[in-house]
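J.: Spelled out from the first residue to the last, the chains are:
Protein chains: 2
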Amino acid sequence: MEIRKIYEEQPIGKEISVKGWIRKHRKQKEIGFIELSDGTCFKKIQVVYDSKLKEFDEIQKIKFGSAIEIIGILSKSPISDEQLELQTKKIILIGDCDEDYPIQPKKHSREFLREQAYLRPRTTLFQAIFRIRSVASMALHDFFQKEGFLYLQAPIFTASDCEGAGEMFQATTQDLEEIARTGKLDYSKDFFGKKVGLTVSAQFEAETFAQAFSKVYTFGPTFRADKSHTPYHLAEFWQIEPEVAFCDLDGIISISEDMMKHVIRYVLQYAKEEIEYLDKYVSVGLISKLKKVLDSEFKRITYKECIELLQRSGRDFEFKPVYGGDIAKEHEKYITEYFDCPIFITYWPKELKSFYMKQLDDGTVAAADLELPGVGETFGMSEREVDYDKLISRMKELDMKIEDYDWYLKLRKYGTCTRSGYGVGFERLLMYITGVESVRDVIPYPRADKYCDY
Amino acid sequence: MEIRKIYEEQPIGKEISVKGWIRKHRKQKEIGFIELSDGTCFKKIQVVYDSKLKEFDEIQKIKFGSAIEIIGILSKSPISDEQLELQTKKIILIGDCDEDYPIQPKKHSREFLREQAYLRPRTTLFQAIFRIRSVASMALHDFFQKEGFLYLQAPIFTASDCEGAGEMFQATTQDLEEIARTGKLDYSKDFFGKKVGLTVSAQFEAETFAQAFSKVYTFGPTFRADKSHTPYHLAEFWQIEPEVAFCDLDGIISISEDMMKHVIRYVLQYAKEEIEYLDKYVSVGLISKLKKVLDSEFKRITYKECIELLQRSGRDFEFKPVYGGDIAKEHEKYITEYFDCPIFITYWPKELKSFYMKQLDDGTVAAADLELPGVGETFGMSEREVDYDKLISRMKELDMKIEDYDWYLKLRKYGTCTRSGYGVGFERLLMYITGVESVRDVIPYPRADKYCDY
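So the protein sequences, as listed, match chains A and W.
Those letters in the first sequence? Residues 143 to 596, by the working numbering.
Those letters in the second sequence? Residues 143 to 596, by the working numbering.
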């Protein structure tokens, strides 16, 4: 019987069989206690066995980390009404655990556990984090599907480059050693017959679908060959990119706020024990922070107001805040602490933002970033420039190759309409929701500069 | 107001505003009819306007494919109670549609539409297909999350190769032209400092998580540099890979059958009109085929029985069925037609299957394929070889490099247990559910040999 079902159905007094792994084993002379987890829920089950069992000595030798089956009678724990206990009739060793098992019943550093990425999900901390990740994923689908959005699985291989940046991975089936040896590079021999990269964003494809289904979202992996060694950067990360037709900047800001609140509400409900654990041991005050977000209306200020606020702050910033300059990490920190809640910074100078954003007469674009306290910029959103001529003239200003964007531009000729969208890095959102400080600890197998283990 | 909401709330007699795209425009002397879609639901809305409107002549010029806003009074259609109609007070042109718009109000071939992949979601056929894809995705999450499975987003970049095959894409940030020019290849300069590929399967990572959470599933893109030009192959496809601890082959077969039925039931409920459309125009008999699947218990036969059945069939197969030989496409066809329902073929000779499957004494492995009528092999599943020594000896038989599988093998030393899993290609599953004959028509942007447009 799964431990999740045992807690749901509480078959007290009945004989049941449970299979799982030993997370703690306390041995006394006449009695022993095993904390058993099968990972189906955050709670463990307490197993009690005593010397009346003829295999008592054998059982005492079973090591931490082993897989076992227990047959016993279920009862409430004498210590806590919430905890269930199994009075053992029989214990069967399913899979032993070798002496060199790297995880031991003590506190390991997160850096050490990262090196043991294939084993860390067995620890209580990562049981909490990865369950929350799963629940939050479901929360996203739940939100968008109930709101009538279409889930679009955008392609990973792409011949276009949304951000125009050079931080793209190339995918190839050519033999690099052969290229080095022969000095010959021939894309006609490559799988796709041309140079192809891994997508940095699904936005362009989402735009094509938004002009057919009105409301779409993507949720999938995206890639950046970004060498930043910060707690916020990964080379492979999951992104959510909704795109909505007949929707302006205000509209998309509201959708992103609703989504964020829905995810938090859902996680508080369906990963309650996991969040309580993190609140207690990892990020004290986490629950009250999250609840406060649910009760608040996110602040909206313009980029201009933000710069003025920074200038008035009297702080001695490393980077002086000036109109036209970027909002640095230290500025984000000040702003989010000042307002003490998530905050949208809107209407940025067009020079700071991407070419596809809707241009206004004052030199700004209809774009917004959502800044989260402790994490920084997490959502980037904009109304899209849907006027064909304005988009072309902006691309020319930026010396872009118009011919590379043929189909993207044509969207503006075939039934164009006001359209907005955003992108949010799922791992940064999870950092905020879990209170965990590194993006590498909220993704199962992190990939970053010189870092691709397992 | 969204068309989806109009049909849900039916504000008959009220003045409303609707935005969408013209999918048909019939013009008569005194009156005009527009079929308007916004893609939020499969149904369109009928817009009626007459010559009493002062912009009548202007409106008649608005082209197919344009985005418009209509303000009008909602009523039931005089023709059908199911259809709603808008009596126009005002029509505003939002986005015109150029003369060279490739989609016209006539039947286009699927091959032509594939070339217009960024526009095909606007056609009725692809409105149906991609909505079903979205609903089926949600059905999968709904099934697994309700059953207590953890959603694992497995890594795309990988330093290991599950199938041991050479059909892997390599990901690199090295400049191939520079390698050709200089003749120098230096992996220390590559992003990860070593050779890295794109995952062909998330199974190994799923196995690591199953030994922590008992029940996990992945749902994400996987990649094969497969040059097959069949209607069943893609270079990039979405795969669902559940992995379950304390579960044998029979158990995982049942889970896969339950999942399949859940998805069909969910799609019939939440994409009813889309399925009805396909049943009528694309695959006659689709609904009765799907309902029959729901009512049936999937057949299970052993590989041996299957070969005997083929041999007894009296058919003149191109490939003669022999014990130890593969089940060819023509055999799959015969078998699925013979039983006329999904069928599991179980217990295959180990030579035909992967090294990681549980070996039995009779030379078979505890593996099964699910064959779907009209699609062929769609699910592959097995009980895993969880015995360290047996796994090593099989790998040695196959001349595999043991040291490349270090962490995978160690799973068998740290609390190993009976464990099973399967992989199913989402696009093949969708072919079966939609009745569409090519895998390229059930994925937004198909990628295959020499084929990576958009």
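Some clues are possibly wrong.
[Said to hold, decoys possible] Covered stretches of chain A (chain W as the covering partner; in silico rule of three or more C-beta atoms under 8 Å from a C-beta of chain W):
id, segment
1, 235–241
2, 342–355
3, 416–423
4, 445–451
[Unchecked claim] Okay, derived cross-link-like pairs now, BS3-like style, lysine-lysine, Cα gap no bigger than 27 Å in a straight line:
id, chain 1, residue 1, chain 2, residue 2
5, A, K288, W, K555
6, A, K156, W, K288
7, W, K555, A, K203
8, A, K592, W, K433
9, A, K336, W, K147
10, A, K552, W, K326
11, A, K337, W, K433
12, A, K326, W, K326
13, W, K326, A, K592
14, A, K147, W, K166
15, A, K166, W, K326
16, A, K331, W, K288
17, W, K433, A, K403
18, A, K166, A, K156
19, A, K422, A, K446
20, W, K555, A, K248
21, A, K166, W, K555
22, A, K336, W, K552
Keep in mind that the hints were calculated from the coordinates and are not lab data.
Think of the CB as a built atom: it goes at the ideal place given N, C-alpha and C, for glycine as much as any other residue.
J.: If a hint holds in the structure, say so; if it does not, say that too.
T.: For each hint, the structure was consulted:
no., hint, result
1, 235–241, "holds (count 5)"
2, 342–355, "holds (count 6)"
3, 416–423, "violated (count 0)"
4, 445–451, "violated (count 0)"
5, A:K288 / W:K555, "45 Å, violated"
6, A:K156 / W:K288, "25 Å, holds"
7, W:K555 / A:K203, "16 Å, holds"
8, A:K592 / W:K433, "51 Å, violated"
9, A:K336 / W:K147, "45 Å, violated"
10, A:K552 / W:K326, "42 Å, violated"
11, A:K337 / W:K433, "45 Å, violated"
12, A:K326 / W:K326, "12 Å, holds"
13, W:K326 / A:K592, "20 Å, holds"
14, A:K147 / W:K166, "54 Å, violated"
15, A:K166 / W:K326, "53 Å, violated"
16, A:K331 / W:K288, "47 Å, violated"
17, W:K433 / A:K403, "39 Å, violated"
18, A:K166 / A:K156, "24 Å, holds"
19, A:K422 / A:K446, "39 Å, violated"
20, W:K555 / A:K248, "20 Å, holds"
21, A:K166 / W:K555, "18 Å, holds"
22, A:K336 / W:K552, "40 Å, violated"
Checked against the numbered hints listed earlier, the structure breaks hints 3, 4, 5, 8, 9, 10, 11, 14, 15, 16, 17, 19 and 22; every other hint is satisfied.
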